[in-house]
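S.K.: Each chain, written out:
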Amino acid sequence: MSRPVLTAAAGIAVVVALLPLGYLLIRVTEAGLDRAAAELLTARVGRLAATSLALAAVVTLACTVLGVGSAFLVTRTDLPAARLFAVLAALPLAVPTYIAAFAWVSAVDDFTGFWPSALVLTLCSYPYVFLPVAAALHRADPAQEDVARSLGHHPWRTFRGVTLPQLRPAIAGGALLVALYVLSDFGAVALLRTDTFTRAVFTAFDLGFDLTGALLLSTVLVALTTVLLIGESLTRRRGARYARLGAGARRPHVRIPLGGRRWPAALMLMVAAALALGVPALNLSRRLAAGVSRPGSLTEIATAAGNSLTVSAAGAVLTMLLALPIGLLVARASGPLAAVVERLSYLTHALPGVVIGLSLVFFGVHVAYPLYQTRWLLTLAYAALFLPLAVAAVSAAAAQAPPALDDVARSLGRRPLRVFITITAPLLTPGIAAGAALVFLTCMKELPATLLLRPTGMDTLATELWGHTGVAAYAAAAPYAALLVLLSAVPAWFLAARSGALGPEGNR
Amino acid sequence: MTALTVTAACKTYGAVPVLTDVGLSVAAGSLTAVLGPSGCGKTTLLRCVAGLERLDAGQIRVADSVVEGPGTHVPAHRRRVALVPQEGALFPHLSVADNVGYGLDRAQRRSGRIEEVLVLVGLEGYQRRMPHQLSGGQQQRVALARALAPRPRLVLLDEPFSALDAGLRASLRQDVRQALRRDGATAVLVTHDQAEALSLADHVVVMRAGRVVQDGPPTEVYATPTDHWVARFVGDAVLLTGVVRAGHAHTAIGAAPVHADADGEVTVLLRPEQVRITPIGTPTAGQVTGRVLRHDFHGHDTLTVVRLADGTEVQSRRLNDGPVPATGDAVQVSVRGPVRTWPAGPQPRDAGDPAPSRRAGAGHA
Chain A
0 MSRPVLTAAA GIAVVVALLP LGYLLIRVTE AGLDRAAAEL LTARVGRLAA TSLALAAVVT
60 LACTVLGVGS AFLVTRTDLP AARLFAVLAA LPLAVPTYIA AFAWVSAVDD FTGFWPSALV
120 LTLCSYPYVF LPVAAALHRA DPAQEDVARS LGHHPWRTFR GVTLPQLRPA IAGGALLVAL
180 YVLSDFGAVA LLRTDTFTRA VFTAFDLGFD LTGALLLSTV LVALTTVLLI GESLTRRRGA
240 RYARLGAGAR RPHVRIPLGG RRWPAALMLM VAAALALGVP ALNLSRRLAA GVSRPGSLTE
300 IATAAGNSLT VSAAGAVLTM LLALPIGLLV ARASGPLAAV VERLSYLTHA LPGVVIGLSL
360 VFFGVHVAYP LYQTRWLLTL AYAALFLPLA VAAVSAAAAQ APPALDDVAR SLGRRPLRVF
420 ITITAPLLTP GIAAGAALVF LTCMKELPAT LLLRPTGMDT LATELWGHTG VAAYAAAAPY
480 AALLVLLSAV PAWFLAARSG ALGPEGNR
Chain B
0 MTALTVTAAC KTYGAVPVLT DVGLSVAAGS LTAVLGPSGC GKTTLLRCVA GLERLDAGQI
60 RVADSVVEGP GTHVPAHRRR VALVPQEGAL FPHLSVADNV GYGLDRAQRR SGRIEEVLVL
120 VGLEGYQRRM PHQLSGGQQQ RVALARALAP RPRLVLLDEP FSALDAGLRA SLRQDVRQAL
180 RRDGATAVLV THDQAEALSL ADHVVVMRAG RVVQDGPPTE VYATPTDHWV ARFVGDAVLL
240 TGVVRAGHAH TAIGAAPVHA DADGEVTVLL RPEQVRITPI GTPTAGQVTG RVLRHDFHGH
300 DTLTVVRLAD GTEVQSRRLN DGPVPATGDA VQVSVRGPVR TWPAGPQPRD AGDPAPSRRA
360 GAGHA
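Protein chains in written order, with numbering that gives the first Met the number 0: chain A, 0 to 507; chain B, 0 to 364.
Since the hints were derived computationally from the structure, they do not count as laboratory data.
From a predicted model like this one, the values you see are computed outputs, not experimental measurements.
Heads up, a few of these hints could be off.
[Said to hold, decoys possible] Label pairs and their in silico Cβ distance ranges:
#	chain 1	residue 1	chain 2	residue 2	range
1	A	Ala488	B	Arg128	25 to 31 Å
2	A	Arg156	B	Tyr12	56 to 62 Å
3	B	Ala259	A	Val339	56 to 62 Å
4	A	Ala488	B	Asp104	45 to 51 Å
5	A	His365	B	Tyr12	45 to 51 Å
[To be verified] So these bits of chain A aren't anywhere near chain B, every CB distance computed over 10 Å:
#	residue
6	Ala42
7	Leu52
8	Phe71
9	Gly259
10	Val270
11	Leu411
12	Thr421
13	Ile422
[Stated by the list, open to error] To list a few chain A residues with every Cβ distance to chain B over 12 Å, as calculated:
#	residue
14	Thr28
15	Leu40
16	Arg192
17	Thr225
18	Gly277
19	Val278
20	Gln399
21	Pro402
22	Leu404
23	Ala408
24	Val418
All residues carry an ideal CB built from backbone N, CA and C; glycine is no exception.
All chains should be modelled from the sequences, with the hints used to inform the complete structure.
M.R.: What follows is the structure, encoded as structure tokens:
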């Protein structure tokens, strides 16, 4: 693809992605300063902010400890069944927080409030730390650790002094993902009745029909997440320093013997897996065994599953189409323009699903009415929400196909289109497939934007589940939850295997 | 016949001129080296010849057809100019045979050309290997075979040896030259390594800051460089002031015949192998003498630095076929000509110090 075409396509993609944010800004400006002050300078907003931030802090800390600890045990020690534990630590990625919350709330009486929310969110999001840290531990150059050992450092001291500093970007990146995730989570806090911003925004819109109030509350959420995003971009820049020098084959890492702590360590990981996966699994299967409660519900389940799959697939396709030019531009063109395009596409990362959903409702009602109440608007919301995931995947994939290969292929007499088909595309495909799987998985699990934007009468697995838990019909909700987890587990497994965290296979 | 002609080529990146009035011609079947320090524009020149970048002004002809000029830009894939980039850039998802056959059509692939070029680069039997199963040197050989396979009008080599270690580099250079000769290919090699350029090429084009400063056979570039900078860039150089009278240059270390014979004050270029040192007991009047300051031992020869009585330092290279004077010993110094001279006066300002791009053991050619 030629540079001007690529730049134009990337520009269009960015505009589409920024539609919700732009619209939010316009509406908030229209509301005026007085209204904003009246709405935001209240004790309730202060309480909401305090709860949201405290929840994010507690969950992030817990996820970091749990994620880094299990990554280290799985990759660097003689833990029994290390590969199994690696899989178990990655799988919670397939359990949406609202399903975990639903499982706990229907299993334990009075399971509501701040600490239950913190527990559920931690169990669901620690893979966000585990996966990048395990991958970084796997990638780290054993030669550096060998040098430290040869200079007389004990294995533990080597880990602290040499390995841990190299992990800092991975840990920081993962922790910030968790923090962003907690701030934007809606399902778990709503089910467990914890008053955070997302819940307040949704309630203001859905129950109070207070549109402007909901939008103004959203801006605080956007501000909080933007601060986190800036932090993330700072660590990302720092991470560039820890590159491994030189090429060539790598030797495996030496595993540290745990000695007498071997089985206690395994037991700890077992407990974490039991809480994160066992409780939902057990609860769902018990509810399922009780039978599907109403006649005709099998058709409903099938319809909802079909809707989930088609809407998520459409979301993944649109997102990847928008991400391709941006990712290629970022990887191929250095310079301020590419950097600006990349930053802009990441901006939507700071917008929780509730906010994106809400601003697209406004956009649909006031600007693009033909789109309102159609699947297209929902697809657009998915694209705006998950574009950053896709852009990251595409630009990482583009690194697999450096421009020098294109130059050589053209110098050998092949037309640009033929070069793209025979060289660029085959090298990009695995990375793009992984990006698509990630977006697809995330679309399947997405709840708040789906609730706000789905056409009336269209239900997905997530919304059906939501509807039933809302009226405490736990048995009716179970089949949707089970199906959703099972369908999500497939792309989750694929992603975990690709990250290299599950072991040396497929990590060339 | 001329395989490549570049005329008055100019290119700027923004306000920075990269190529200024560059001209060169490459004879069919020859290997031409474009030699210059990093940032001199040589890789840009190569990319313009390949059609990967466009010139602002000037003309490029490959064989007899204009591929680049005012109103003309033949795209890279129609030029039949094959590229061998720095790191080889093998297609990682294709086997050796598929890499080499990439530029061939189906009939050519079955004609045995793939096997033929693999034999040429010494990799027969490697058809099924994947690029990651090859060493760095083998990857470069495959990259060369891939470029040769479609019998291009021109093969462009962009610093193809720089990523390899010294021993491998020397042997691969000779193999590459042999493969190019046997296949009758015309090649342009871009390099910053003057030992590589001098030992490999039939013709050397020296570039500095986007301009061609000298163009000639390796021996000519080495013996009669156009200016001080080129003199230092292509080898070890001793520069002394002197006076030319009656075909001889008179310097602090004696007289020597000169290439050109304009009388007057001059700067004299001595290559270390033109400076002879002889151990003596005690200095006597009329002899030019100095003391040995240090040795750089290279195995087959030694570079000796001598400080003269007036403080001038000169270098002398001699084969290690006899006793070597010890550091601090007094030696007699003499010169063997002919020598290269320039009229005394200001020289073109050095565009960057050529010294850092020199390699150990370089300049033995």
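S.K.: Return the numbers of the hints above that this structure violates; sort them in rising order.
M.R.: 1, 2, 11, 12, 13, 20, 21, 22, 23 and 24
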